[in-house]
Amino acid sequence: MSAGGSRGGFLLDRLVTATALLLGVTLISFTLTVHFGPDPTWEQLGRNPTPEQIEQVRQALGQDRGFLPRYADFLLRLARLDLGHALASGEPVVDLLARAIPVSLLLLAPGFLIGIVLALALAMVAAWRPRGFVDRLCTIVSATGMSLSLVIIVIALQAVFAVWLDWFPARGWRVHDLASYLRHVTVPSLGLIVAGLGYNLRFFRSVFRNVLHDPPVRTARAYGFGDGRIAIRYVLRAAAPPILTRILVAVPLIVISGSLIIEKHFGIPGIGMVTWNAMMSGDQPVMMAVVSLSSVLFVLALSVTDLLTGLLDPKVRGA
Amino acid sequence: MTAPVTLRRRLAGLDRLPVALMAVFLAAAAGVWCGLWGTDWSTISGTLREPPSPEHWLGTNRLGQDILERLLAGTATAFEVGLLVAVASVALGAALGGLAGFHAGRRIDTLLTWVIGTIDAIPFYLFVAAIAFAMRGWPGAMQLAMILSFWTLTARLVRTESMRLREREFIAAARASGSTNRRILLRHILPNLAPLLLVQASLAFVAAVKAEVVLSFLGIGLQDSISWGIMIAEASQEILAGHFTNFIAASLALFVLVLSINSLSDGLQERLDPRVRRTPTERLA
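Residue numbers (the UniProt record's numbering), protein chains in the order written: chain B, 1 to 319; chain U, 1 to 285.
Don't read these hints as lab results, they were simulated from the structure.
Just so it is clear, CB atoms sit at the ideal spot from N, CA and C, and this is done for glycine as well.
Some hints here could point you the wrong way.
Said to hold, decoys possible - Here's a subset of chain B near chain U, in silico, CB distances under 10 Å, partners left out:
1) Gly9
2) Leu27
3) Leu32
4) Ala60
5) Gly62
6) Val255
7) Gly282
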């Protein structure tokens with residue numbers, strides 16, 4: 001804003017915004033999971049502690065300090081990825097996460113990616129011929145998809161494909177080769193595709209509709225370029241910024257709600273399961289790590305996208 | 001022209017079917033509030049997992065509780081959660097968004113924009129989980145978490161809109177004729193925002209009802225109560241044994257309610273935004 005369009009000013013501006021957001025999300029994570037979280041003092045004490053014993057343990061743990069020193073300490077530990085040990089298993093939280101995250105990625109990536117590609121393709125056809133067959137179909141699919149919950153979709157798919165038809169395992173994650181991976185990943189992926197299709201179709205279609213009216217696309221059509229060439233070289237390219245931003249914003253919602261719901265329901269040991277267990281048992285170090293790390297990662301991803309679109313498009317930079 | 005007239009006119013032509021469906025849901029919820037039905041949702045009868053019968057229209061669950069009673073009581077819960085979250089989050093969003101937009105560029109605006117950005121950067125389900133964690137079993141934790149995270153969308157829109165309105169001639173005219181800030185806000189800015197707030201409230205209502213299902217399924221939703229989410233969570237255990245009534249009843253209720261509100265708010269949005277051309281297919285969306 002004050003930078004007046006200069007590149008250095010723009011970078012500085014975005015850096016300040018990103019730092020402020022990082023401070024914001026860590027402050028909220030700290031307040032909710034550490035400050036208001038269970039006081040670790042009591043776990044170190046025996047029965048009927050004397051006031052002196054309580055004071056001693058509080059001092060040893062640093063609980064007697066004020067809010068700000070404890071927050072600063074929390075930031076330092078977060079930056080060093082010194083996340084402590086899980087209360088339930090005594091295992092370092094970093095190891096726990098390192099084991100669970102790849103499982104969740106394997107579980108969610110296929111459904112998420114196929115869902116987006118499918119939605120892009122369908123939305124393109126729908127936007128190309130408004131009120132055509134595909135467009136009508138997409139309208140019904142998106143109205144239905146938006147009114148269902150991932151919970152309902154997952155339970156229904158499990159009932160149909162794993163119980164009634166008995167084609168896939170109903171629960172668990174016993175993956176050792178490609179075939180067993182495909183058997184376990186199919187039903188969850190179908191769920192993610194169906195759940196994401198509703199909102200994505202609608203959004204992508206309206207973006208494509210707008211872009212199809214843009215002068216470059218109209219010119220390309222007037223030149224008689226082939227449909228495929230126009231769709232990919234012009235429409236998809238012009239529509240890329242809002243679509244990429246949209247996908248990025250959808251990632252935490254889909255990945256986190258998806259991994260929580262799917263992993264809990266199918267009993268899959270990914271990050272959602274780890275989070276759910278921590279939530280249920282009050283495992284403070286794990287909660288703190290999951291909440292603060294995912295918020296920090298999201299802020300970083302948003303800032304990088306913002307920076308890239310800004311550097312590529314001078315109009316955004318000036319704004 | 002004053003706002004209530006335009007708003008009423010905008011509401012007049014809405015599609016009949018979703019309005020009728022909403023009326024059915026509201027009647028079901030109102031009956032529960034008046035104590036006409038849905039009060040026996042926790043009563044345990046002798047027969048477990050009974051198929052539909054004249055006594056239990058939708059049958060009973062694994063504890064022998066009447067599924068129709070639970071469905072009706074759940075409808076009331078959906079409206080309680082949805083209305084509370086919709087009204088509170090839109091009111092908070094309108095107040096803070098209006099404050100930021102009215103003082104655009106000043107320190108209070110920077111502060112509020114930062115707060116909005118921060119809340120939006122925390123993944124919703126983790127935010128709810130963290131609040132439930134911090135509150136440890138306080139029954140309002142879920143609703144509070146929803147309000148605290150849903151208001152930001154309204155605030156962003158209201159901020160932009162009030163920045164735009166601030167520059168318009170009729171505000172300048174009102175100011176020139178000696179209106180106070182308060183009068184300008186209440187008589188000129190708020191009526192212009194009313195349709196937008198109504199759409200936001202309907203979106204927040206849907207989001208709250210849907211989030212309740214997910215959160216109750218995960219076990220961090222409502223406690224000691226009955227809701228569609230609790231019914232679905234219950235059903236997820238029964239479905240492997242081939243009992244579908246509980247699941248189908250709650251899912252269908254959620255689906256029809258959300259579909260109706262979505263189509264109403266779409267109709268409303270089309271009327272608000274002349275750029276959205278009204279085509280027969282788009283009305284379904």
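Hint by hint, here is what the structure shows:
Among the interface hints, the one on B:Gly9 is violated; its C-beta lies about 17 Å from the nearest C-beta in chain U, farther than the 10 Å criterion. The interface hint given for B:Leu27 is met, as the beta carbon of that residue sits about 8 Å from the closest beta carbon of chain U, less than 10 Å. Because the smallest distance between the Cβ of B:Leu32 and any Cβ of chain U comes to about 4 Å, under 10 Å, the interface hint for this residue holds. Because the beta carbon of B:Ala60 sits about 24 Å from the nearest beta carbon in chain U, more than 10 Å, this interface hint is broken.
This hint is violated: B:Gly62 has a C-beta 20 Å from the nearest C-beta of chain U, more than the 10 Å allowed. At its closest, the beta carbon of B:Val255 sits 8 Å from a beta carbon of chain U; the interface hint therefore holds under the 10 Å criterion. Contact between B:Gly282 and chain U, as hinted, is supported at the beta carbon level, the nearest pair being about 7 Å apart and thus within 10 Å.
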